[in-house]
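There are 2 protein chains.
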Amino acid sequence: MEIINSSQNQYLKYLKKLYKTRKRKKENVFILEGKNIIEEACNLEMDFEYIFMTPEFHEKNKLDIKDFSPDKINIKYIEKKLLGKIADTVSPQGIIAIVKKPDYKFKQFKNKKNLLILDQIQDPGNMGTLIRTAVAAGMDGIIALKGCVDIYNLKVIRATMGTIFALPILTRIDLQQFKNLYQKNNFNLITAESSRGEIYSKVEYESPLMIVIGNEARGVRSEIIGLSDRLVKIPVFGDIDSLNAAIAGGIILYKSVEKNRTL
Amino acid sequence: MEIINSSQNQYLKYLKKLYKTRKRKKENVFILEGKNIIEEACNLEMDFEYIFMTPEFHEKNKLDIKDFSPDKINIKYIEKKLLGKIADTVSPQGIIAIVKKPDYKFKQFKNKKNLLILDQIQDPGNMGTLIRTAVAAGMDGIIALKGCVDIYNLKVIRATMGTIFALPILTRIDLQQFKNLYQKNNFNLITAESSRGEIYSKVEYESPLMIVIGNEARGVRSEIIGLSDRLVKIPVFGDIDSLNAAIAGGIILYKSVEKNRTL
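Going down the list, the protein sequences come from chains A and B.
Numbering of the first sequence is given in our numbering, commencing with residue 1 and proceeding in unit increments.
Numbering of the second sequence is given in our numbering, commencing with residue 1001 and proceeding in unit increments.
Don't take every hint at face value.
Covered stretches of chain A (in silico footprint by chain B; criterion: 3 or more residues with CB under 8 Å from a CB of chain B, positions within the stretch not fixed) [as the list claims (entries may be wrong)]:
(1) 30-39
(2) 50-58
(3) 126-133
(4) 194-206
(5) 250-259
With a cut-off of at most 27 Å between alpha-carbon atoms, the simulated DSS-like pairs for lysine-lysine come out as follows [to be verified]:
(6) B/Lys1020 / A/Lys155
(7) B/Lys1202 / A/Lys233
(8) A/Lys25 / A/Lys179
(9) A/Lys20 / A/Lys146
(10) A/Lys233 / B/Lys1233
Just so you know, the hints here were simulated from the structure itself, not pulled from any lab data.
Idealized CB from N, CA, C, for every residue including glycine.
Sequences and hints are given; from them, build the entire structure.
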């Protein structure tokens, strides 16, 4: 077993570079840290570029994770100290993977029945929680418009609690592409807007449905508001301007669930 | 104007110590960073111990914040570099305050109509978001049972987005005290439970109401489940165990709003 023990190793230098968003985008890959999420990605037969693990992790887990065999995946063993230095998490559990981004097709989204549209969501925790909530609510896809935080950011992935692969997610879609998808496929476009609009609980959420949640401070962009079939608001009672974006998303997504499914 | 320029200054050393949870608890104070939240605390006439500000902040803001006069509040001026080193936020905006914890009385909670009860909520972001959501939903108090993250943790305060003072919040209440409050005052105790219970949208939320949200991983403790008048669950559809605790709180709080108010 060859073990990487120098920070000058070419594979390690490549991994290090991928902790920068720009480099990840260029290479079209993302990073996973920790056993559970990497196991999940294995089960879903994601396309791995490399898996870095410590000899200690290999020793402890070789019986548990049968797919982690060097025959199937390009595994690099690495000293615990070096792996600890590079990882984003405090305790990376001895394993980091580089995974190729899933290639979800735009045209697949034409026939979806329930989509969550995210406009300029900036906070990684909100983004991850919105993805997790959309999965829970049984949505069948998410579109993260250009201007959202990178969904393959490690903080986002952690906040999804293992649901990052559970739904197809289109990213970096611009307003024109979005407009085309909406208009050519007769979606019912319902946009959350904190100050105007109808009360969220009083409208119907007919399929094919798009629910739009916008930026934490500025809300949804005016171009999308202009396109919308309905604007909905969640009333607030206390001395407060608005709800957190993920909370607003959760309330509206579950209202659409309630109206359209037998609970 | 006397300006603190040494890290050995006694007031600065005291402030530094208060960045430890234990020390804050002992002194019964908490820390605020940044202009907006400190301004809010001023407006609410919170009890300040000290305000530390840079001469630059004083210069820039003296017209805006009239209550920040040394006659009313004990102000210490401090070099920008020293303040930057001590602060938790990346850009503390030149102002940090030490505030005495509000003294909310247990007995005031007897006559409340709508309470949010938090059981072992651990994540500061969830705690802050739950407080913000309870304020939005017009709840009239929160009880954070013993075992929750410190609500005066700076990360919690940031996540409340300025609503930390908007509601009375009892903290460090033990199960026996909670049980007494519940039983002596005929509260309707509704507990969120991810696996059992009735569908959240199908029950009534009569006042005086207590809604309980539990720990991110373990849920609500069995003692509270045993006491509950109703258990409610939010169904999930995708390949997922449960919702984020703050999202579950948001959905259930707004369901109670919807059932009890004219929206």
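_I'd like to know which numbered hints this structure contradicts. Please list them from smallest to largest._
1, 2
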